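> Each chain, written out:
There are 2 protein chains.
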Amino acid sequence: MKIVKAAEFTVEIDQRNEQLIDLDFDRNVLTIINDVRMNGDVALHMYTEKFDGVTLENFIVTDDEFDEAYTLVSETFISSLLKAKQRITDFHVEQKERSWFIRQEKGVVLGQQVTPIERTGIYVPGGKAAYPSTVLMNAIPAKIAGVSHIAIATPPQPDGKVNPHVLVAAKETGVECVYKVGGAQAIAAMAYGTETVRKVMKITGPGNAYVARAKKWVFGDVGIDMIAGPSEICVLADETANAAFAAADLLSQAEHDERAAAICVTTSELFAGELMTEVEMRLSDMERREIASRSISDFGRIIVVESMNEAIEVLNKIAPEHLQIMVDNPMATLPYIRNAGAIFIGPFSPEALGDYMAGPNHTLPTSGTAAFSSALGVNDFMKKSSIIHYTEEALKEVADDIIVLAEAERLTGHAESIRMRKGEAE
Amino acid sequence: MKIVKAAEFTVEIDQRNEQLIDLDFDRNVLTIINDVRMNGDVALHMYTEKFDGVTLENFIVTDDEFDEAYTLVSETFISSLLKAKQRITDFHVEQKERSWFIRQEKGVVLGQQVTPIERTGIYVPGGKAAYPSTVLMNAIPAKIAGVSHIAIATPPQPDGKVNPHVLVAAKETGVECVYKVGGAQAIAAMAYGTETVRKVMKITGPGNAYVARAKKWVFGDVGIDMIAGPSEICVLADETANAAFAAADLLSQAEHDERAAAICVTTSELFAGELMTEVEMRLSDMERREIASRSISDFGRIIVVESMNEAIEVLNKIAPEHLQIMVDNPMATLPYIRNAGAIFIGPFSPEALGDYMAGPNHTLPTSGTAAFSSALGVNDFMKKSSIIHYTEEALKEVADDIIVLAEAERLTGHAESIRMRKGEAE
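Note that the protein sequences, when read in sequence, are chains A and B.
Counting with UniProt numbering, you get residues 1 to 426 for the letters of the first sequence.
Counting with UniProt numbering, you get residues 1 to 426 for the letters of the second sequence.
In isolation and in its complexed conformation, chain A is listed as follows (with noise of 0.2 Å):
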């Protein structure tokens, strides 16, 4: 952890995205991705082998397995499950969009007709941990959208299974279909097809660096929710916050990932001073604290400011994917906090609480990404066709207008679809 003052740090957000891209990686990804498009199955059983180190008879998970999951998970995990399962759906059924028309004048009705995308895919990341709160969040909101068909790729575990958690999170919140697929051949499976994974029209979820890189591949044939990268959290305290709460919150967004930046600003010198203390110590007892560890004093900083009013423009500037304010009056803040993926309010409100049970959507935009892109909702599984209703008359009106518009840009067929109807019309 280290104590900076606002200036140094500002540059140091300005260098975030300096690294420039390399195309050798792609070569890579497109090499699986084009594999997948031109061989389908085939393929996916070589790189499944080969990644994951599994031989499958049959990529879609069996309604066997479903029910032995149910064998191996708690019951209390199955309660709390639920418990979150009806609070993230409290929240996003608030977020859906309808359709709607109005009439702007004689003749004219205008329009959006929202509905939802027919079939989507979930990336669920395997490996070492199991992620059911992602299915939650992917999957609740594509459901409360109106998806008819939901689908699940995630790598295989070496006994060729599924994480039990994951599939009774599967099973829980309606989704069809789970493929044991992982990497970018995953994303290339749902994003066009093979004999055994049926293709979809949106791909959401967190992954690697292949994943990632894949969905950026794919994205225009398919659409995909966002490029995540590493996680951060921003802690905005003053002289009254609890140093040993924040410390925690801190160090619960370090174990994510060594990549993972935890930040707080803070008015308070003092406080700096204290935060550092509850940081070091609290690091030791950390079951994850390699990586916690490395996260913390490589990306770990304590930012000193003069004022709330600074504070405040460096948290803009960072545009954090998670920001915990813990501030006498926190709800006084929020008018001025223009980008952050999530806000948590108050002492009582960690990161841990959004990341499981709030019922806000913890697929959050990352790496100062909140400045020009939001959660995961319900809208991102719709869309909008806009409606266009003119009569004669009304068409007769503005006639004249979009011809001039049209030869503006010289489209003269477009002017004369325009001309024809109001000779028609006269």
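Hints were generated in silico from the structure; no laboratory data involved.
Accuracy of the hints is not assured; some may be wrong.
If chains are identical, the list can't say which one is meant, so a pair holds when it fits in one copy or spans any two.
Stated by the list, open to error - Below, simulated SDA-like cross-link-like pairs (lysine to any residue); rule was C-alpha separation at most 25 Å, straight line:
(1) K216 - S99
(2) K5 - T267
(3) K216 - G368
(4) K422 - N242
(5) K96 - V114
(6) K83 - E409
(7) K317 - E306
(8) K2 - N242
(9) K216 - T31
(10) K199 - N379
(11) K85 - E409
(12) K199 - A228
(13) K83 - T412
(14) K171 - R98
(15) K83 - K422
(16) K83 - V42
Nothing here was measured: the structure is a model prediction, and the numbers come from that model.
Let chain A serve as the given structure and place chain B on it in line with the hints.
Chain B alone, transformed into the frame defined by chain A:
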């Protein structure tokens, strides 16, 4: 124009995305992007000389150039432009989402705070034609969203100027700054900033293959609207439709681009024949007949179907950018249309109306992407922050569930951040 059966055509649609990705093209685009990132304005000068054939002293359009632009366009043009601006504004204000808060139970406040993106860039194609309507359709929603700095990048003409229609549209919609820079170099400059070009957080607007590819590469570091492919129109017609109208509308799409697709789906074989005749007849009178005939012969299709149900299935599979419904009782079909960028209802709602004047955005999902994406809108220039506030008591209610879920994911630091608050609460 080719008359085909639905089954035949469905195969064509499935092959729409079959082209495999080509890394050599990306290498060229990346060279430009990296060069601009490393060398800033020097690189911009070099590429502008190379691709646009002009040496510019200054990339920024001056006040004098804006003044001159007003002397070069007609009064009629300005008046039609302002009328379009008004109508586009009237529609888009209806789209603006508001922040909201809900109190879901004792001690729990959740919400969504909606804020504008701070700075955005619009790419406006130059070359042979000028597109003031592109300026309207991008700048107006950005302005309504509350974006504080809107910039345009557009390639200079051979005389080093920008088309006056574009400049007038920029001025009238409150664009802050117009840069005379085009191609992939313009996208890189707006994404990363140079000495002259200010970095933005999001880039929207159409462009050639280089521009589209550059947008795909910078996506993630900045937001982008969509990867625009060739544009298309689909007319749904029964025996009551006016073949001359339909033909003119198909041709208005065909004149855009040789790769544009003009498609009619009809339940009437008789109408198919009439339409064929009308298209061929009108084609020869068109100013842009070279482009249009190429489009019509390569991608023009009349699909004859057995029933309205079959027609709608085919349409949903095509997911057209523009859908014109020219059947008896067109409104009745609306609830069955799942995938379309914009839906034009009835004989007096041609595509050209929507391109300039109806109100809804003309930046629409192309090449089947309407299956998972939407027209550009005000929301594309805003982002949402989730709001989470729990009191001590409210957190206590869910603390054990969070701990169970965090431990199922082996994120014990997350569990600890909750456990210590529970301790405090007891």
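> Tell me the numbers of any earlier hints that the structure contravenes, in ascending order.
Numbers 1, 14, 16 - these are the hints that the structure violates, sorted from lowest upward.
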